[in-house]
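Protein sequences, first through last, are from chains A and B.
Residue numbering for the first sequence follows my numbering, starting at 238 and increasing by one per position.
Residue numbering for the second sequence follows my numbering, starting at 27 and increasing by one per position.
None of the hints are false.
Between beta-carbon pairs, the in silico distance windows are:
no.	chain 1	residue 1	chain 2	residue 2	range
1	B	Arg107	A	Val514	21 to 31 Å
2	B	Ser102	A	Val325	24 to 34 Å
3	A	Leu482	B	Asn187	47 to 57 Å
4	B	Ala144	A	Glu525	21 to 31 Å
5	B	Ser160	A	Ala258	47 to 57 Å
Just so you know, these hints were derived from the structure itself, not from any lab.
Backbone N, C-alpha and C define an ideal beta-carbon position, used for all residues, glycine too.
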Amino acid sequence: MLYDALIGPFTEFEFMRRALAAVIALALAGAPIGVFLMLRRMSLVGDAMAHAILPGAAVGFLLSGLNLFAMTAGGLIAGFAVAILAGVVARSTGLKEDASLATFYLASLALGVTIVSIKGTNIDLLHVLFGNILAMDDQTLLVVAFNATVTLLVLAVIYRPLVIESVDPLFLRTVSRAGGPAHLAFLALVVINLVNGFQALGTLLAVGLMILPAGIARFWSRDLTAMICIAVVAAAVSGYAGLVLSFQTRVPSGPAIILVATVIYIVSVLFGRVGGVVRQLFPGRHLEA
Amino acid sequence: MAALHFHNVTLGYDRHPAVHHLSGEVARGALVAVIGPNGAGKSTLLRGIVGILKPLDGSIHLGGLDARDVAYLPQSAEIDRSFPISVFDFVSTGLWRGTGLFGGIGNTARGKILRAIAAVGLSGFENRPIGTLSGGQMQRVLFARVVLQDASLIVLDEPFNAIDAKTTTDLLALVKHWHGEGRTVLAALHDMEMVRNHFSETLVLARGPVAWGPTAEVLTPENLMVAMRMCEAFDDTAAACAGDDIGSRAA
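In isolation and in its complexed conformation, chain B is listed as follows (with noise of 0.2 Å):
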């Protein structure tokens, strides 16, 4: 049973495609890296994953997932630093599946905040307001929310961006204890020696798909050549798309 479906789908911004015609699955349980130059789609494609974009044209499946089996932690995340909340309180929204509008904060969900703060080795910080953390402490904080989301699948865009190499190992080590416990995890990445060391599964991506499949097959000079020629046209008077000329161009 796959975790996700994609049918030809084709995602976008004001009726330009940013991905264009992927088609394919993802396995449960899958460790899979998506890859590809800036402007290639990436963001775009974990966007519609999640659902706060809706595909221009065909259709991803969630496998029987609800919205809120999946975990997401945006690039960019809009967080205002400056609000007055706690690391702990910041932390806890990840029960929000559980606690709702106003579910109360029992000694179990205390115990579980606790135990994701320490696994993201952040103990002690429980009372820091967030605006006074560090970029990676940040990012710390926010892998501990996806921890107590407790999703099935868990996506994550470029979460090792100016992250120093500590933080990295840790998080990282994070997402393979992720992988181990069978939640499907997707990751867009731009450090290809992690991908190689890490990931099992690879889609280069460049607008539209140029190769998916095991890591060691797809992670080739040839592919990567391809993705990195990707034109990233905005074309303002652009034809209607016909159908399938550029999926199966990249294929």
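Okay, chain A solo, but in the shape it has when bound (with noise of 0.2 Å):
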């Protein structure tokens, strides 16, 4: 009975198992990805840069259909070119890095809202707005491991100036220049991650997987490695048993993965160990030293 229900899906259908594998894929880049944008304050960048990949998604459908190749390079190219272009004009002027995000995201959505209302139709875009896990064929689902795999290789590269520069940006100036290639290569990951989220979850809701998990992590721990594990497993657990209910009930799959990760989302924020509601209202006796 349990077994029917939990594991019983997997091991029937086998779109199931590729939703599955594709999920585990993002949890794992996914979520570091999302600790970093949360500890660097720019959880709403990730929201904002998921607008910016829209339109050149869009472009890429009108080129060739509802081939997940074409709208994953447009939306590559477009979130490349806006977190790039943000990126140069935050660094080179004084304004700051989301001033300068929300002008170029803004121009890119207005492109392709334009584009899309000029030349195409809008009932397989939804397609792109919501994703469809239980959709994947092998190439999207290779695509999609791929982009993880190049994911976790860059963070290795990138781990340490991205560490640095989090906490004191001025010191790493002052002994290397890897600060801000290091920062550039975070935002190309950032794109990389909702692209590849998309065609899973939809535009509107990829950055979700990176971020609730990331919410979730703080509530649990204050070291950074911890929080990353925490963030990867609370994200594939989100993924896991969002596709079982997703499968038992009549709820589409990417929003019943998101439901499943801002339920966990609560109960850390009521019972975490680190700053939960509960542990704050009733604290226990304070301690000696």
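Mind docking these for me? Both chains are given alone in their own frames, and the hints should help you get the complex.
Next comes the structure, spelled out in structure tokens:
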């Protein structure tokens, strides 16, 4: 009975196995990125980037139909253009990163909507907006896995400067020139993972599997390595539970995954070991030292 | 061989000078105090020395030093104290010059890090997140990182602001220890008593050099009066600088 509900769908149907593999790849790569987004106070930057990708994906869709490869390429180009332009403007002028990003992503969004409204239909575009993790073909799954692998490798390379730049950017500037490139590489990883996520979750929810697990992890640890591990596990569990929920009910898969993550998030806010609400309300007797 | 050469340096922001026409040099191994009122350009000068601010005019030479031979402790570090990093890991970033992107932290390095933390009196705090430290403890952590940087030129921007007497004494002893090791130390300071007692050389700055030399000769009431009277002018419509008028007036 329990077996039928929790494991049965995956042994029985190939599309569920593909979906599970995809969601685990997304969790492995996206959650660490989300942790850094949160620690660098860029959570909403991820959201803005998701909007910036949309027009690129739309152009790819218009040029070659519902081909996820073309849409991915389009999304990557649009995302990179916006991320790099915004990063360069913020670094070469005094403008804050969020302000310059807002300008570029709005311009990108406006451009994309213009293109779509002139040339396209919008029925299949719903697919782009909300994704469909249950319709993964081999090629798409490979793209997702490839992107996740690249993300983890690049993150390993830029990990140290990224951490130092997050804590003490001025110090990094005095000892190394790696800060700028590391930051740009990180923005690129954000884009790659958003594009990766929208094949499964759609442009609107892709950022969810990055940011929600990071928020969850914040309530359970004060250590960066532990936070990243917790975030990955939380993302994978949300993905699995979301798929089961979606299979057993009529909830669409993408929203189901994000809703499960939201439930875990709420539980963490309430009962988290680090700054959870219950801990704050009932802190126990104060310590000796 | 001088550790630092200033050739008619003008430093500032958006074409407006904060330090005007400074020339001179700092000998290797010197212990120099930079004093002057708020807005005199002390921080600007130090930022110029470590290379995060490019001179508007003139040049600064580090006497053959690489920029990484310079350790810089800014006045208000832009440190994100909420970032989940331990004292040990934070201090260990001072080893960047040796480890770079990938270099591992072996037993020798671990020993160095622990010794640096002990040198600033924070043994036992290694695993504490930096967010839980007091202001004085954080300043000790920053000094520990400077120790690890093992730099031949050390630049400290008002390192004893809002620091209590005990911590100041401890950290000042560390500064004198660096001096004893032959490192060049520049420190922007406000405590005249400390400058008089512990720093051999002083630069009085008031948007331009007022006086520079041995502390006993330079730290006179007259020079301090001149520095005090400095006007904090920032004129949006100022004309382009004609050259050496301010420099010669100050000297």
